[in-house]
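Asker: Sequence:
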Amino acid sequence: MKLAIIPARAGSKRIPGKNIRLFAERPMIGYAITRANESGLFDHVVVSTDDEYIADIARDLGAKVPFKRPTELADDHATTVKVIAHAILECQKHGWDAHEVCCIYPAVPFLKSIDLAGAYELLQNGTADYVFPVARFPSPPQRAMVMTPSGNLFPLQPENVETRTQDLEESYYDSGQFYWGKKTAWLQEKSLHCNAAGYVLPSWRVVDIDTPEDWERAEKIFSTWNR
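For the sequence shown, counting from 1, position 108 maps to 107 in numbering that gives the first Met the number 0; every step adds exactly one.
Don't read these hints as lab results, they were simulated from the structure. Do not rely on the hints blindly, as some may be mistaken.
[As the list claims (entries may be wrong)] Listed below are the simulated SDA-like cross-link pairs for lysine to any residue, each with C-alpha atoms no more than 25 Å apart in a straight line:
#1 Lys181 <-> Asn194
#2 Lys63 <-> Ala116
#3 Lys219 <-> Ser11
#4 Lys189 <-> Pro139
#5 Lys92 <-> Arg135
#6 Lys219 <-> Arg135
#7 Lys189 <-> Asp59
#8 Lys92 <-> Asp59
#9 Lys12 <-> Val80
#10 Lys181 <-> Glu161
#11 Lys67 <-> Leu121
#12 Lys81 <-> Asn36
#13 Lys181 <-> Gly197
#14 Lys63 <-> Trp95
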């Protein structure tokens, strides 16, 4: 059995109501639910939330909400791994004992079902406990700089200031879309980023939506993408 678990708490501060706010005329969480259902990969698509209003919308969009997330797992300090581990145990009470579980974040309008399938294939054929999508840094992080309050710049890695960019090792960052994992890894609360393999996405399809400016930019890209 395979489960998709979408963690969608009510307490977003930078973008109030982020998970159910209308994005391109539909609730944001609807993209995650739809792509998960369309993929044909999952026996159940489950939303873990502390909010009954979110739960009602999730059900209307085709997800199942068989339990309510406890308050201690719905604050800013609750980790993704702990939230998913709790959801797995709750699902087991309903007889849904999954061997692989995919955590899909709720604000992923650029998610594609083909990526869920491709990453799952990596999980099956590889040795890592988790697989999640990554993108290449657009510029080598080894050449990153920090700025003082007065505006002066200092390199984070002075030893790489004179190194040609093409000679620096290519680096990747977490796209923040979804995480496939083995049930045992979630329940043992293994670190996501220390026990994983990467599924590479094109960088133009990776948009982190954390601020109102991010939201506006994402809607413009989405509109162009679907034109």
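Asker: So, for every hint listed, does it hold in this structure?
Answerer: So, going through the hints one by one against the coordinates:
Taken as a hint, the Lys181 and Asn194 pair is honoured in the structure, with Cα atoms around 11 Å apart against an allowance of 25 Å. For the hint linking Lys63 to Ala116, the alpha-carbon distance of about 21 Å falls within 25 Å, and the restraint holds. Simply put, Lys219 and Ser11 have alpha-carbon atoms about 22 Å apart, close enough for the 25 Å limit, and the pair holds. The hinted pair formed by Lys189 and Pro139 fails the criterion: a straight-line CA distance of about 28 Å is larger than 25 Å.
For the hint pairing Lys92 with Arg135, the CA-to-CA distance comes to about 40 Å; that exceeds 25 Å, so the pair is violated. Between the alpha carbons of Lys219 and Arg135 the distance comes to roughly 22 Å, so the proposed pair stays at or under 25 Å and holds. Note on Lys189 and Asp59: the hinted pairing is violated, with a Cα-Cα distance of about 33 Å set against a maximum of 25 Å. Annotation: proposed proximity of Lys92 to Asp59 holds, straight-line Cα distance about 23 Å (limit 25 Å).
For the suggested pair Lys12 and Val80, the alpha carbons sit about 21 Å apart, so the restraint of at most 25 Å is met. Between Lys181 and Glu161 the CA atoms are separated by roughly 43 Å; this puts the pair beyond 25 Å, and the hint is violated. For the hint linking Lys67 to Leu121, the alpha-carbon distance of about 32 Å lies beyond 25 Å, and the restraint is violated. As the CA atoms of Lys81 and Asn36 are separated by approximately 24 Å, the hinted pair is consistent with the 25 Å bound.
Taken as a hint, the Lys181 and Gly197 pair is honoured in the structure, with Cα atoms around 15 Å apart against an allowance of 25 Å. Distance restraint check for Lys63 and Trp95: the Cα-Cα separation of roughly 12 Å lies within the 25 Å cut-off, and the hinted pair is therefore satisfied.
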